[in-house]
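Number of protein chains: 2
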Amino acid sequence: MPADSPLKLPALDPAEVTTSIGSNYPEPFKLRVATRCKQRLGDALGLKSFGVNLSTLPLGAVSALRHWHSHEDEFIYVLKGELVLVTDDGEQVLAAGTCAGFPAGKADGHCLVNRSKKVAVYLEVGTRHPEDVVTYPDDDIVGRTSPKGRRFTRKDGMPY
Amino acid sequence: MPADSPLKLPALDPAEVTTSIGSNYPEPFKLRVATRCKQRLGDALGLKSFGVNLSTLPLGAVSALRHWHSHEDEFIYVLKGELVLVTDDGEQVLAAGTCAGFPAGKADGHCLVNRSKKVAVYLEVGTRHPEDVVTYPDDDIVGRTSPKGRRFTRKDGMPY
Chain Y
3 MPADSPLKLP ALDPAEVTTS IGSNYPEPFK LRVATRCKQR LGDALGLKSF
53 GVNLSTLPLG AVSALRHWHS HEDEFIYVLK GELVLVTDDG EQVLAAGTCA
103 GFPAGKADGH CLVNRSKKVA VYLEVGTRHP EDVVTYPDDD IVGRTSPKGR
153 RFTRKDGMPY
Chain R
3 MPADSPLKLP ALDPAEVTTS IGSNYPEPFK LRVATRCKQR LGDALGLKSF
53 GVNLSTLPLG AVSALRHWHS HEDEFIYVLK GELVLVTDDG EQVLAAGTCA
103 GFPAGKADGH CLVNRSKKVA VYLEVGTRHP EDVVTYPDDD IVGRTSPKGR
153 RFTRKDGMPY
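In the order they appear, the protein sequences are chains Y and R.
For the first sequence, position 14 (counting from the first letter as 1) is numbered 16 according to our numbering, and the numbering increases by one without interruption.
For the second sequence, position 40 (counting from the first letter as 1) is numbered 42 according to our numbering, and the numbering increases by one without interruption.
Isolated chain Y, as found in the complex (with noise of 0.2 Å):
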């Protein structure tokens, strides 16, 4: 079979998944992480205990709001290009090849930014628990999980 074939599960051409971009956070959040995209490998895979997604961070653009998991591990690997990582304990930059990871209930918020001129593409992967509850310590929201995906209220459990 010649390399430039298409590929069938259980492997994928990332090309051929879908790019989602932006965020569901309620407003005023949304606007902050508008330019993130998004393709969910993972679920294209047919993976159910973890998510993996395919992430491009354009000029200037946030990854997340800065956060931390109580029960859902996450890792990151830079592939291309540069970003800076924000954590509880400052910044660090982060070139192509390079990697991160946030234990679930390390109660250290993070997030990665693209202060570089290139475009800056990372794989994502976090376990999936139904428990989990995510915490921004800069921000007035709280993130849950529910059977139809996190749902976002007020820190005091007001809606937006």
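Because the hints were derived from the structure by calculation, they are not lab data.
We treat Cβ as the ideally placed atom computed from N, Cα and C, and that holds for glycine.
Just so you know, not all the hints are guaranteed correct.
[Unchecked claim] Taking CB as the label site, the calculated pair distances span:
1. R:Ala109 to Y:Thr21: 40 to 48 Å
2. Y:Glu29 to R:Ala36: 50 to 58 Å
3. Y:Asp91 to R:Gly62: 24 to 32 Å
4. Y:Thr21 to R:Ala98: 25 to 33 Å
5. Y:Leu61 to R:Ala98: 20 to 28 Å
6. Y:Lys32 to R:Ala36: 45 to 53 Å
7. Y:Lys82 to R:Glu18: 41 to 49 Å
8. Y:Lys157 to R:Lys32: 51 to 59 Å
9. R:Glu18 to Y:Thr137: 38 to 46 Å
10. Y:Lys32 to R:Met160: 41 to 49 Å
11. Y:Gly62 to R:Lys82: 26 to 34 Å
12. R:Ala17 to Y:Gly107: 24 to 32 Å
[To be verified] Footprint (simulated), chain Y over chain R, 3 or more residues, beta carbon under 8 Å:
13. 13-27
14. 50-58
15. 78-91
16. 103-116
17. 120-134
Given the coordinates of chain Y, work out where chain R should sit on it, guided by the hints.
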């Protein structure tokens, strides 16, 4: 911070992570995957619910005996080079930038072979599940999870 500064957790440069060569299969299977190299990035980052390995297959190397998992999802993403994916349906060539996924419980044995003339590098992610059983359709071996890692017996339960 310049891009060449040493990274600190939760960030990690894979170059800092120990490489394990070969497998913990019993003989005569050990010899078949003797040149497979893995760097356990997920463990180095403190992740528990899934493993992430940066794996290198030199020319002629095989990722594993052809196998499938009862309770663990698996995902691979080719970073460099070209790999042949072998499943029940035959073979497909995976170029850098393509991926594959193996849902838990799907009885389709798979492995990767480097039949090219260059080293191949891929990321692999797998859930960790205490009840996982690994089935090897082509070989007289079964893998079960134990507190000390994967344990192998013959298909009739006899030890190696």
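Right, here's what the structure says about each hint:
no. : hint                            : result
1   : R:Ala109 to Y:Thr21: 40 to 48 Å : violated (32 Å)
2   : Y:Glu29 to R:Ala36: 50 to 58 Å  : holds (57 Å)
3   : Y:Asp91 to R:Gly62: 24 to 32 Å  : violated (44 Å)
4   : Y:Thr21 to R:Ala98: 25 to 33 Å  : violated (20 Å)
5   : Y:Leu61 to R:Ala98: 20 to 28 Å  : holds (24 Å)
6   : Y:Lys32 to R:Ala36: 45 to 53 Å  : holds (52 Å)
7   : Y:Lys82 to R:Glu18: 41 to 49 Å  : violated (21 Å)
8   : Y:Lys157 to R:Lys32: 51 to 59 Å : holds (54 Å)
9   : R:Glu18 to Y:Thr137: 38 to 46 Å : violated (29 Å)
10  : Y:Lys32 to R:Met160: 41 to 49 Å : violated (59 Å)
11  : Y:Gly62 to R:Lys82: 26 to 34 Å  : holds (29 Å)
12  : R:Ala17 to Y:Gly107: 24 to 32 Å : holds (28 Å)
13  : 13-27                           : holds (count 4)
14  : 50-58                           : holds (count 4)
15  : 78-91                           : holds (count 6)
16  : 103-116                         : holds (count 7)
17  : 120-134                         : holds (count 4)
Hint violations for this structure: numbers 1, 3, 4, 7, 9 and 10, all remaining hints satisfied.
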